[in-house]
Structure formats: structure tokens, C-alpha cells
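Engineer: Spelled out from the first residue to the last, the chains are:
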Amino acid sequence: MVFDWLHFSIMLFLLAGLLFACGPLILAGLLAPRAKGGDTGMPYECGMVPYGSSWSRWGVSYYVYALIFLAFDVDVLYLFPVATAYADAEGWVSFVKVFIFLFFLILSIVYFWAKGVFTWPRRIR
Amino acid sequence: MNFDITLVVPELYFLCLVLVLMIQSLGDREWKPVVEKWLPFGAGLGFFVAIVNYGHEGLMLWDVYRVDMMSQFFKIAIAFGFFVTVINAARQPTLAEGKRSDYYMMLGFSALGLMMLSSAVELITIYLALELASYSLYAVIPLRAKNKGAAEAGVKYILFGAVATALALYGLSYIMASQHTTYIAELMHKSWTFADQPMAVVGLCLFLGGMFFKLALFPFHFWCPDVYQGASNETAAFVATLPKMGAIVILARLAVFLKPGLEITTLLAVLGALSMTYGNLAALAQTDIKRLLGFSSVAHAGYIMVGLVSGTSEGLAAAAFYALAYLVMNLLVFWVVCRVAVDGRNLKLNDLNGLYKKAPVLAFSLAAGAFALVGLPPTMGFMGKFFLITSAWDHGYNWLVITLVLNSAIAIYYYLSLFRHAFTEDKTPDLTPAPDNSWFASAGAGLLAGAVLLAGMVPAPLFNLAVEAGRSLMP
Amino acid sequence: MSALTLYQIVALILLCAGLFGLTQRRSLVGMLICVELMLNGAGLSIVAAAQLTDFSATLGQLGTLFVMGLAAAEATLVLAIVVVVARRFGSAQTSDITTLKE
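In order, the protein sequences belong to chains Z, S and H. For the first sequence, the numbering used here assigns the number 844 to the last residue and increments by one with no breaks. For the second sequence, the numbering used here assigns the number 476 to the last residue and increments by one with no breaks. For the third sequence, the numbering used here assigns the number 521 to the last residue and increments by one with no breaks.
Honestly, the hints are just simulated from the structure, not real lab data. Don't take every hint at face value.
[What the hints assert, rightly or not] Listed next, the in silico SDA-like pairs over lysine to any residue satisfying Cα-Cα at most 20 angstroms (straight line):
hint	chain 1	residue 1	chain 2	residue 2
1	S	K157	H	Q443
2	Z	K834	S	K100
3	Z	K834	S	L20
4	S	K147	H	A511
The model shown is predicted, which means the values in this text are computed figures rather than measured ones.
Please model the complete structure; the sequences and the hints are all you need to start from.
Structural biologist: The structure is reproduced here in C-alpha cells:
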């Protein structure tokens, strides 16, 4: 294996990346004034004094939407193979096949819509 | 692509059924007719369609989907099971009013997935069909009023199921890496000895593990009693019967690799023996009827293995016939359980006391079911075990056959305690609602019991179908 | 050591990490994360097996896509069931969820 410019530039980039990540930390350690106690241990030390515990419970009213998003954003994966192969396909058959897939996705959207997943509840359950 | 629409009529029919259920679940609750009124007819027509479509043969969708005697045999069994479970669930007391159509839609999706599973002959396709069948089941398990046990059963089932799937996928990757194909037809001609292909053998064992999970065979049985106990009686009737059909058909398809004497075959036989022994011994200690049936199905999974290890088409036929017998016997027992527990509670053995006086037809049907599960003549269970024993004898696993016979003797004790409680004990626990004694309950129980007895006395027509199915897999 | 073996070792490490976590985590969501780790390890193993042997590479990639998609669907279902469990038990810790036993 010969050491050439490609390897050198890869090393350079690696070093630059490391510096970019660690540099600010090191600089902050060197330059920042040292302060202890007081409000530095407080969460969100931005002026307001927080009240209550940080382990409080939140009413998440839209969580079903989030759950469905989890499944749907991965379903888009199946369109990538279609995108690579579609240009070579001939005739209507491939269109129909893609449409069958999309039809079932649409059907599930309709299902969730009718079940009231996409409406913001007035009162958080 | 050689797509022939006449070959997949049962699947398309079930798809349409599911779509209609989906439309109904979207609509107003006041829609007429309510889902329980029309769905039994729809499911019955599905059973009829599956029977009419028997006898078709063909290979389609780039050779991943094969319609043959085996797949059609199991499609009829699945359609029949769906028909019975739908009627059984029609009076489910613990299911919320607004979720009924959705519940049946999920069951329909699961049945559709199992039908596809029985035709899939390529490992990735098998994985996809299996997941379609299981995901919809995972969703229905927690649907039991506000019951805590049902939620616990649901989360246990899905987490164990996901682990089993992950292991099966590792197995799939090893088969890919060493045998370079995932088509069963090509894998059939490869070598499966540990000396030649260690990686492939490990892979096949892991892949079979995914199926064993569905079948609740010994090392993968943890979920079974918990899920039966936690899920509502009607849901348990579905979970106990139909997914097993899908697992058995895939095991039968993969069993064509297994010649007697191979390491995997021996492993299967050992697991089968452990499964029957463990299931039967654990069932002895149970007092909850559904938990008892859960351990009993672990034992029955072991019995099925006897047919698969013999490596002959008769063995596969016996396994297919026993699968059918298992389906009908369990549907019968669960039917009686659901009718006795009219308020949807879990039954203890004591709850059966005095059933003979309160609902004689149910009591006699329960007796027929218990005798069939033991394997006493003249029931379907006896013929099933008889075929298993005759097909497996003299194929190198005689010790397994002897284990089966010994286990049947152990099993007599707890199955007959069902019988004893129903017929001889009179002390009824206080304050329990009376069993459903209507014509609906009696007719269903009577018909299923009649089927179990009739198929036990005249097994030849059904067994011939199973033999055809076995021959279609193994030339 | 061939590239295939290396990939399979990485996949096996993921499997073991998942199994270890599954037995150690005491919250259901933590268990779900471990299961996802195992499923993704399986996906890696499949795509490596397809790419580095005579097996059809296209089929292997498609298989991995299916694994990823179905793993996401499974995660959705598990989370939905965990919500049901949390509502009925008031907790999603495994130590609290033990009603089913004899």
C-alpha cells in the first residue's frame, strides 16, 4: 500500500473534524471563568427560577399521531427501490403495482382519520 | 410474472371481507346490519370458497407462491377455524361496543396472513406472511374490557414474538450466506448435514425457532399459558388454534429437508419429546382451565413433531391430519368454555362443577372434546395419534413414539379431571352466573362434538385429503 | 478473517447486547429498544450475507428493507401496547406487571 495524497487528505479531514469537536471544549476549559455553587447546578439557568420537580408528567395529547408517524416514515423506504427501477419499467403494470401499495397506505390514513387521530383533543385525557 | 387470479380466490375473498369490515368500522355505530349479524354468513361463504378452490395447483409470483394440495388443505382448515371463531366471538361480553368491527377486521387480517403463509415457498415471503398474521393478533390480545391480565399478556406476547422473529432472521441470514438461495424448492436439493454445512444447519435451527414460537414448542412456550389466561376466552380460542395451522404448514414444508439421522431431525425429535413431557407435567398442576389448555397445546406441539421427523410423505400427512384434529378439538373445548363463562371471566376447574345438570349438551360436548384431546377412540384425536404412530414407527425415532404413548397416559389424568368436574362433582361455587343454555350454545357445541366423533369413526375421506397434501410436498 | 465473518461478528455482538439488555432492563420501553437492536443486527447480517456471497444482492437488500419496515411497525405496536399497560397498571416497569401466574 502506497501512502498518497488521498490518504493524507483523509487524515487531514479526520484531524480537522476532531479539532472542530474537541477544540471548543478545550478552549472553554482554558478560557472560561471558574464559578462554583449558586445557580450553576440549576436546570435552565436562564433567568427564571424553575418551580417543581423536573420529573413532572406531561399530558401528551397527540401521541397516537407520533406513533403512526413512526410506522409511516419507514414505509417510505419501500418507494426507494421503486424509484430506482421505475425508469426502466414499461407499460402500465408497474404503475398499477405502485398504486396498489399507495392505495393501502392511503386506506390506512383514511382509517386513522375516521378514528379521530388527526383531531387535536380539547381536553387532554 | 405468472399471476393467475383463479388460484388465489380464497385470499382475495378474505381481503374483500377485511375491507368491508374496515369500511364498517369507519362508519357510524348505528349502521345496520351490525357486524355480528352478517359476518358469520360472510365467514361461512369464505369456508365454502376455500372448499370450492380445493384441487387447484400452480406456482406464481416469480415462484414464491405455490398453490398445491397442502396449501389448499390448510386454507380450508383456516377458513373453517375463522368461521367457528367468528361465531364464537359473536356474544363476547368483554369487548367494547365501538371496537367490534375493528376486532373482527384484525382477526380477518390474521386469517388472511395465515392463508398466505400456507402458500409461501420462499423464506422471505414466509417471514412477511408470518408477520402479517402475527401483528394483527398482537393488537387484539389486550382488548378485554379494562382487564390488567390482558394488557400483560399482550406485551409479553409481542416482546417474546419480536425476539423469536429476530432469531429467525439471523437464521435466515446464515442460510443465505451458506446455501445461496431462499427458495424451498432449491434448498431441498442441498446438503443439510452439520459436517458439510455447519452454518446452514445453525441457520435452519434458528429459522425453525420462529415457527416453534408460533407453535409454542418447548423452549419457546413461555408466552402460551400466559396469553391464554390473559386474553379473553374468545380471543384465546383464536390464538390457540389458527396460528398453529400456519406454523405447522411451514414446518411441513421445511420438513422435506429433514431425512432421519440428520442433526436437525434429532434436535426436532428431542424438542418434541421435551415439549410433550413438560407440557403434560405442567398441566397436571393447573386449576385455571385456559392455562391448562395452554400447557396442553405445548404438549400437542410435541405430538406434531412425531409426524415431521419421519421424513416420509405419510408422516407429513399424519401431521396435517393431526393439525386438523387439534383445530377441531380445541375449537370445541373453547366453545364450551366461552359458553360456560357467560360474563367473560376466567374459568377455574371448580366452575365446571354440576355442568351436567345445568347444561347437559355442553357437558357431553366437553366430554367428547376431553376424550379427543386424550386420544381415546372413537374420536378424531385417537385417529390422529394412530396415524402419527404408524407413520413414525420404524423410521429411526421409535423412542419418540414410545414417549408419545407414555405422555398420552399422563395426559389422561388432567383431561379427565375436566370430565370429572363436569359430571360427578355437584358442589357449585356460589354466585356464578348460569351457563348459556340457549339453542345457539347447544347447537354449536353439538355440531363440533359431532364433527370430532364422526371424523374419528370415518376418518378415511379426511385422511385421504391429508395424504394427497403430504404427497404434493414430497415426490 | 473474511469480511463476511467480520460483519457476522458485529451482528452477533448486536444480538448479544440485545439479549443482555432484554434480561437486564426493567422498563418495557427499554426492552423494546433492545429488541430493535436485535432486529437491526439481523438486518445487517442479511445484507452482508447477500452482498458478500453468491446470493442475489438485490434480494438481500429488499429483505433488509422489509426487516426495517416491519421493525418500525413492530415498534409502533409495542409502544401502543405499552400505553395500554401503563394505563391499566399505572406503571411500565416489568416488576409491577405480574398478575399472570399460577
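Engineer: If a hint holds in the structure, say so; if it does not, say that too.
Structural biologist: Each hint tested on the structure:
1. S:K157 <-> H:Q443: 16 angstroms, holds
2. Z:K834 <-> S:K100: 11 angstroms, holds
3. Z:K834 <-> S:L20: Status holds; Cα separation ~16 angstroms.
4. S:K147 <-> H:A511: 16 angstroms, holds
Consistency note: the structure conflicts with none of the earlier hints.
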